[in-house]
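*Asks:* Given the coordinates of chain A, assemble chain B onto it according to the supplied hints.
Chain residues, written in single-letter form:
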Amino acid sequence: MKKRGKKIIAMTLAALAAASLATVSQAEDNGELVLFTWESMFPQEVLDEFTNRTGVKVIYSNFDTDETMLEKLAQADGGDYDVIVADDYIIEQAIQEGLVSEIDKDVVTNFGNINPLYQGQFYDPEDRYTVPYGAGIPLIVYDPMMTDVEIKGYSDLWDPALEDSVAITANYRVINGITLLSMGKSMNEEDVDVIEEAGQRLLELAPNIRLIQDDNTQDSLLNGEASAAFLYTSQVTTVMNENPDLKVVYPEEGLGFGIMGAFIPSAAPNAGAAQEFLNYLLEPEVFAQCMDYIGYYNTSSAADELVNPNLVVPDSVTKGEIIRNVSAEADEAYNKNWTEFKAACGQ
Amino acid sequence: MKRKSRWGLCIVPLYVFTLLFVLGPMLYMVAISFAQNKEGYGFSWLFTTENYEKMTDPVYVQCFVQSFRLAFTTTVLVILLGYPFGYFMARLSERGKRIMMFLIMVPFWTSSLLRLYGWIIILQVKGVFNMALVNLGILEKPLKILYSYPAVLIGMVYALLPFMILAVYSSVEKMDWALVEAARDLGASPVRAFLTVTLKLTLPGLLSGVILTFIPSMGLFFIADILGGNKIVLVGSLIQDQLTRGSNWPFAAALAVVLMVLTSLLIFLYRKITHVKDLEGIF
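Chains as they are written, first to last, in our numbering: chain A, 1 to 347; chain B, 348 to 630.
Beta-carbon label-pair distances, calculated as ranges: (1) Ser458(B) <-> Gln347(A): 28 to 36 Å; (2) Ala267(A) <-> Val412(B): 52 to 60 Å; (3) Ser459(B) <-> Glu71(A): 32 to 40 Å; (4) Leu461(B) <-> Gly272(A): 49 to 57 Å; (5) Val194(A) <-> Glu397(B): 22 to 30 Å; (6) Ile469(B) <-> Asp215(A): 14 to 22 Å; (7) Leu367(B) <-> Lys57(A): 50 to 58 Å; (8) Gly443(B) <-> Pro160(A): 49 to 57 Å; (9) Ile485(B) <-> Asn241(A): 33 to 41 Å; (10) Arg618(B) <-> Asp191(A): 50 to 58 Å; (11) Glu204(A) <-> Ile485(B): 34 to 42 Å; (12) Ser458(B) <-> Asp315(A): 44 to 52 Å; (13) Ser458(B) <-> Lys319(A): 41 to 49 Å.
None of these hints come from the bench; they were simulated from the model.
Every residue, glycine too, gets a C-beta built ideally from N, C-alpha and C.
So that you can see chain B by itself, here it is in the shape it has in the complex:
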């Protein structure tokens, strides 16, 4: 009994830390979102809801729609590429798995920003991709891919794919293959066995991959800035704009609060559907 309470004390700093640096700033943000913006720089603590009312303006609604659209498209593409990848990776030999895992981790050794600049070099008009296709005679004129929606999608999928792969992989690896064999023995076709057994058993992994892709993609506005030439306005870049150039902190805070509420809602839905408390694939 005595021992347990002493260990309990060790958690106190953690609580203090969480309160000070997680909950504190969050409450501060919520408070600012109800404050009034001042001319020039700063804000005053006069209660107002105008920051939220302002968001109903079509321009800003459009930002949210655009962000969701991009996040949704990215997630679908990441599922299509990442699920099979994770699935087959889990079926490799131990050595194969280790090599694949290594290859997936290698890109993380360099800054993600640097890797995005790599994509600029690949995609630009006089870039590797265009020059190769033109020289091979496949294209007559180089494509203008950079600074367009597809370029942003490529960057998003590239950045988020590993999270889906790892989530699906860990889920498939844990799966009991005897159940698939049983289904096959009982006469299910491979497709049916996959849909009724494998997919169901790996659903938590897939869904945690979805969460790990969808939520960050709501915030990865720098990809849209760098590869999209700043032309696709996401909520993230709007918040940044309002914090810096626009110097309207209350509005930025209100946008951040709404974004936070929306993403929390998604996590809540995820838990309802899967009855899983922890995300898979994070280790």
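With the rest of the complex left out, here is chain A:
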């Protein structure tokens, strides 16, 4: 009996070894969880703590771009990976292609911790598939020492007192978007007439523009070139570290943001552990640790108290929108607005 038992174990092991050789990253022994995302998205302590608690070893696997991720996931028919963190628009595609499984809210009991501001977005309108894991939000930062204007929203950038002293990022959709928001419209407006109207309004902003630049735009606030700037999240964080006297504005007209979401692929080898992992992530202490580490805006209300206060959007902000692809005609109109605007800035 004993001998026979050993034989069975040996055969099982051999079969397992063969299986793991066939698909390297597929962990069939229920002891591994393959996490697939960009580099440096999770602090090592958080992953170690999960292993301590559950005995499930976390294998961290990297991709460079969202597109590579989707390609690999599609090739594996939704298998190979247990938890993936990627950008909003690519998650929409993954869901449409049936590569994402629903979150089991009986296991992920912490689902209610998520800040509703980041829920119900276009890629997952019913919040069935994703846990938002940090948001990038372009915001206005200004130097109260250099201007008397109290900036509360995008519209204030049009204030004549800010002549030749506003720096902005160079993304044509974002700048068109905030103009539309300041008019009470959607950032993803499709109506060409409305877009042209926004173009006219943008031209009125031109005299205030000091520079248009995507890289290190925040420097203009530090070297005195600009008194107000519209910056990406990482730039906001950087400039606030350099000069804490600057003021960050969460524009009253609403935010434009990009969300990173965690989801479980449709054929995740260790789906059970994946659900547990998401639940673990949503624990306030764990989530706060993660947000502090990646430096993006905190997407869990429960973690607001614990996270770096610079990464918390105030409760007063209730509206947010994500920029999406629009029709070719609309895009053309946005492009034209942008070129006209830049030319007007140079006059």
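*Replies:* Here is chain B on its own, set in the frame of chain A:
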């Protein structure tokens, strides 16, 4: 005879290279410029002239006007600074010439991008230039030079001046001074001798300097981006925008074709005027 044909074969790789990597991409670009842009990413091979029609829109015409204006102003400034420089440099002693040549070449040892960032440090509100003038009491408030048209002009002139200097220098150096002396002996004033003899003889150098300044300045859009704060839209930056953010390759190709035709026209004119086949000052 046999020997000559064997040497001829050595040129074949060069022809293949030129066809593949110069003519090929150019034809591809011309082809794309007649293709149709697709929603989102990419284009389809449906023949259309709309990319060219679109360019008649005042916004885009303005880009060409702006580019020509900047190139023209830059060239005039470069002539004013570069011609005298090249002229006097050619009259230095051999040792002096070598030192000057060395000084002109030194900046090329670092990346031009890096040197432009140097200009930012000099020109910015809290920069070297402003601080010096404010501390000397010449200015009360620092000037906002950076991210303006003058800043772009400074950068352009700075980047292109050496080409003019070298073109004029090589032309003046080759000149036969006996002709100037003859003119003076025959009673011409120094100014007249300069205008009728020196200027005429160095005209090919000057014009090749003009070509070497004018044509690159149509394309040096990164200077306008860095020192102009992206506010001056040149054809170059428009092409880049359309290729990347706008993702409209056919329109970008059409713009590039028009730019290429316009600059070729300039080179053609240059040859007509000077009857010179090669540009001077490139060695």
